[in-house]
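Please construct the entire structure, taking both the sequences and the accompanying hints into account.
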Amino acid sequence: MNLLSDIRYQVLRHLRTLFRIRVWIFISLIQPIIWLVLFTQVFKSLSGLPGLGTASYLQFFAPGVVVMTVLFGSAWAGMGMLQDIDMGILSKMLATPVTRLSIITSRVIASMVMLVIQALIIFTIAVIMGVNIATGVPGVLFSIILICLLGLGFAAFSNGLALLFKRPEPLMGVINFVALPTVFLSSAMMPSQLLPGWLDTVRHFNPVDYAVVGVRDLVLTGYVWSDLWRSMLVLAAWATAGITFGTLMFRARAE
Amino acid sequence: MSIIETNQLVKVFPGGIRAVDGVDFEVKAGEIYGFLGPNGAGKTTTIKMLNTLIQPTSGTAMVAGFDVVKSPAEVRKRIGYVAQDIGVDEYATGRENLTLYGHFYRLDGPTIKQRVKEIFELVDLTGYEDKRVSTYSGGMRKRLDIAMGLIHRPEVMFLDEPTAGLDPQTRIHVWDHIENLAKAMGVTIFLTTHYMEEADHLADRIAIIDLGKIIATGTPDELKRSIGGDVVTLSPRETGAEECQEFIRRTQSALSGKPFVLGTQATDSELAVYVNKGESAAPRIMRLLASEGIEVESLSVSRPSLDDVFLKFTGRTIRAQEGTRTTYAQMKRKRDRR
Chain A
1 MNLLSDIRYQ
11 VLRHLRTLFR
21 IRVWIFISLI
31 QPIIWLVLFT
41 QVFKSLSGLP
51 GLGTASYLQF
61 FAPGVVVMTV
71 LFGSAWAGMG
81 MLQDIDMGIL
91 SKMLATPVTR
101 LSIITSRVIA
111 SMVMLVIQAL
121 IIFTIAVIMG
131 VNIATGVPGV
141 LFSIILICLL
151 GLGFAAFSNG
161 LALLFKRPEP
171 LMGVINFVAL
181 PTVFLSSAMM
191 PSQLLPGWLD
201 TVRHFNPVDY
211 AVVGVRDLVL
221 TGYVWSDLWR
231 SMLVLAAWAT
241 AGITFGTLMF
251 RARAE
Chain B
1001 MSIIETNQLV
1011 KVFPGGIRAV
1021 DGVDFEVKAG
1031 EIYGFLGPNG
1041 AGKTTTIKML
1051 NTLIQPTSGT
1061 AMVAGFDVVK
1071 SPAEVRKRIG
1081 YVAQDIGVDE
1091 YATGRENLTL
1101 YGHFYRLDGP
1111 TIKQRVKEIF
1121 ELVDLTGYED
1131 KRVSTYSGGM
1141 RKRLDIAMGL
1151 IHRPEVMFLD
1161 EPTAGLDPQT
1171 RIHVWDHIEN
1181 LAKAMGVTIF
1191 LTTHYMEEAD
1201 HLADRIAIID
1211 LGKIIATGTP
1221 DELKRSIGGD
1231 VVTLSPRETG
1241 AEECQEFIRR
1251 TQSALSGKPF
1261 VLGTQATDSE
1271 LAVYVNKGES
1281 AAPRIMRLLA
1291 SEGIEVESLS
1301 VSRPSLDDVF
1311 LKFTGRTIRA
1321 QEGTRTTYAQ
1331 MKRKRDRR
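Residue numbers (our numbering), protein chains in the order written: chain A, 1 to 255; chain B, 1001 to 1338.
Just so you know, these hints were derived from the structure itself, not from any lab. Cβ coordinates follow ideal geometry from the N, Cα and C atoms, glycine included. Take the hints with a grain of salt, since some may be wrong.
Calculated lysine-lysine pairs in the BS3-like style (CA-CA distance at most 30 Å, straight line) [what the hints assert, rightly or not]:
(1) B/1028 to B/1077
(2) A/166 to B/1077
(3) A/166 to B/1070
So the derived list for chain B, only partly shown, Cβ under 7 Å to chain A, looks like this [as the list claims (entries may be wrong)]:
(4) 1053
(5) 1054
(6) 1085
(7) 1091
(8) 1095
(9) 1103
(10) 1104
(11) 1107
(12) 1240
(13) 1274
Take a look, some chain B residues computed to stay more than 10 Å from chain A by CB distance [unchecked claim]:
(14) 1024
(15) 1067
(16) 1069
(17) 1077
(18) 1106
(19) 1120
(20) 1145
(21) 1224
(22) 1244
(23) 1254
(24) 1269
(25) 1280
See below:
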C-alpha cells in the first residue's frame, strides 16, 4: 500500500513538472508533426516503391514516427533523475520513509503516461493526414502496449545510466550515440526487403525494430500474430532488462 | 537521556579514505549539538551515517532509540534531514513540496493541511504557500527546505551546513528560525558547520572534528576557557615562508619559560601566544621581542574564539582552510604595493 501511494504522489509530481514546462509541451507536440510532414515530403518520391506494402510513404512511415517519438522521449527520461540528484532532492527523499522502489518506478511510469499521450496524438494526426489504420482503434491500443514496453526499457535504462554517471555529459553522450543509430538500424524508414543484407541481420538485435514491425503490421496489414507474438516477447524481455538495470543502479548508486 | 549515541563510528570510502575515523559522542534530547570543523573533516559523512543514507564501515550509532544499520526504517520515521544543497522542487509550490513529504511520512490529508499552515507560520513563509519555489529567494528556499524536514514532527533534525552559501544577513535570519523551532517544537538539532560564529551562536554543545576525529567537545564557553586567558596573535614583517618559520622559531624561544606565557601555537604565517591577561602581556611581549631584534608587523589581543580552540589542537585554523583568512597586515601590505 505504501508503495502504491508513494508511486501515485510521485507520478503526479513528475507529470505536474512536465506540464508546467510550456516549452517542453510545445516541442513534444510539434516535433512528431514536423517529422510526419517533413519526412513524407523528403521521401515523397519513394511512394509506390515495391516493398513498402502500401502506395503512400506516409502510410508506411507513420508507425516509424510513433516509435521514434517514444524512443527519443523515453531515452531522455534519466535527465529528470539527474536533476533530482544534482539538486539534492534525491538524497533528501532517501532520508524519509519513502519506499525505495517507488522512486525509479514513478519516474518510469510518468514517462509512459507522457508517451501514451504523445502516441495517441500522432495516431490522430496521421489519420487526419490520410493514414488508414487496418486494425482500427483496437490496433491502436495494441500498438500502445508494444511501444510502452519499448519505452519502459529505454526509460529504465536511461534512469539507471543517470544514477551510474551522476553527470549530464556522459548521459547525453550515450543517448545521442544510441538513439539515431537504433532508428536507422531498423526498418523504421526503409522496408526490410530494401535494406542491405547485413542491416537486415543487425535489426533482429534491435528492440526498436520489433516495435516498428509490430506497429506497422497493425497499421498496414492486420493482426499478423507470428510477428506480434515475437514483438511482444522481445519487448517484454527488453523492458525487464531495463528495469533490472535501473533497479540495480539505484541500489548501488543512490545515496 | 541521549537521543543520538555513537560508538567508534568509522567510514572508509573506496580508495581507503577514512572520512570518519572512530567517532564517539552523545547528544541529549532537546539540545542543539554542533559539529564544527573545516570542509572535508567528516561532518557530512557522519550525518549521512546517522540519517541512514550511507552505511558505516564499522562501529554503531543509535538515533531516537534505533540502530541506524539494523532498523533504518524506524530511524527515518523519527528524523528530519536538511542537506547542504537546498533539496526543494522548483517547479512545485511550497505547499506541494511539503505535501509530498507529508505523504512520504504517511500523514493523512487533513493533518498535512493543518501542519502546512503551522509550519509556514513557524518559518515565516505564510502567504507564499501557493507560489512556485522558482519565485522564492535563497533564504526563503532554505526555510522551506528546513520546513520539509519538520512536517512529521521529528524527534531529531539533522542540519548539514544550514547556512552555507547564504549571505550574512540571511544567515542570521536562518539562525533565528533554527533557534525558534528548537524551542517551539522541542526537537533535538544536530547541525554541522564550518562557521565558528554559527556553532558559537546556536549550539548548546559542540564537538570539534578534524580529519575524521573528534578533537574536543564541550559547551562553547568550556572550550574557549580551555585555552586559558587571552590570545595574543603575532605576525612577522617578512612574509616569505622561510622568514615566517624563522620568526616563529625565534619568538617561541624568546618567550619560552616566561611565567606569563601559558603556551604558543604556530600556523604557517602567525604565532598565537596564550596568556592570562592580554592587556599586560602584549607590551611585555613587544619589549622582549624588540630586545631580541625580532621584527613584528602586527599584534592583536583577543578573547579566545572557537577557531583558537581548533588551532590549539591542530596547529591550523578553520578559517585558513577555507582560504579566506587574510590578516589586516597582509591586506595592508597588498594595498601598499599598489
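Verification of the hints:
1. For the given pair, residue 1028 of chain B sits about 19 Å from residue 1077 of chain B by alpha-carbon distance, which is consistent with the 30 Å threshold.
2. At roughly 27 Å between alpha-carbon atoms, residue 166 of chain A and residue 1077 of chain B fall within 30 Å of each other, so this suggested pair holds.
3. For the suggested pair residue 166 of chain A and residue 1070 of chain B, the alpha carbons sit about 28 Å apart, so the restraint of at most 30 Å is met.
4. For residue 1053 of chain B, the interface hint holds, since its Cβ comes within 7 Å of a Cβ in chain A; the closest pair sits about 5 Å apart.
5. Evaluation of the residue 1054 of chain B hint against chain A yields a held restraint, the C-beta minimum of about 5 Å falling below 7 Å.
6. For residue 1085 of chain B, the shortest C-beta to C-beta distance to chain A is roughly 3 Å, which falls under 7 Å, so the interface hint holds.
7. Here the hint on residue 1091 of chain B is kept, as its CB sits about 4 Å from the closest CB of chain A, short of 7 Å.
8. With a least beta-carbon distance of about 12 Å to chain A, the hint placing residue 1095 of chain B at the interface is violated under the 7 Å criterion.
9. Taking 7 Å as the C-beta cut-off, the interface hint given for residue 1103 of chain B holds, the closest approach to chain A being about 5 Å.
10. Given hint, residue 1104 of chain B at the interface with chain A, holds; its Cβ is 4 Å from that chain's nearest Cβ, closer than 7 Å.
11. Look at residue 1107 of chain B: its Cβ only gets to about 11 Å from chain A, farther than 7 Å, so that hint breaks.
12. Look at residue 1240 of chain B: its Cβ only gets to about 42 Å from chain A, farther than 7 Å, so that hint breaks.
13. Violation of the interface hint for residue 1274 of chain B is found here, the shortest Cβ-Cβ separation to chain A being roughly 41 Å, above the 7 Å cut-off.
14. Residue-level check passed: residue 1024 of chain B sits 23 Å from the nearest beta carbon of chain A, beyond 10 Å.
15. For residue 1067 of chain B, the condition that its CB be more than 10 Å from all CB atoms of chain A holds, with the nearest at approximately 16 Å.
16. Residue-level check passed: residue 1069 of chain B sits 15 Å from the nearest beta carbon of chain A, beyond 10 Å.
17. The Cβ of residue 1077 of chain B does not lie farther than 10 Å from every Cβ of chain A; its closest approach is about 5 Å, which violates its non-interface assignment.
18. The non-interface label for residue 1106 of chain B is inconsistent with chain A: the shortest C-beta to C-beta separation is roughly 7 Å, within 10 Å.
19. Every beta carbon of chain A lies more than 10 Å from that of residue 1120 of chain B, the smallest distance being close to 18 Å; the non-interface claim holds.
20. Not every Cβ of chain A is farther than 10 Å from the Cβ of residue 1145 of chain B; the closest lies at roughly 8 Å, contradicting the non-interface assignment.
21. Interface exclusion of residue 1224 of chain B from chain A stands, the closest Cβ pair being 33 Å apart, more than 10 Å.
22. Every Cβ of chain A is farther than 10 Å from the Cβ of residue 1244 of chain B; the closest lies at roughly 41 Å, confirming the non-interface assignment.
23. No Cβ of chain A approaches the Cβ of residue 1254 of chain B within 10 Å, the least distance being about 52 Å, so the stated non-interface status holds.
24. Residue-level check passed: residue 1269 of chain B sits 36 Å from the nearest beta carbon of chain A, beyond 10 Å.
25. The beta carbon of residue 1280 of chain B sits about 51 Å from the closest Cβ of chain A, which is more than 10 Å, so the claim that it is off the interface holds.
Hints 8, 11, 12, 13, 17, 18 and 20 from the list above are not met by this structure, while the remaining hints are.
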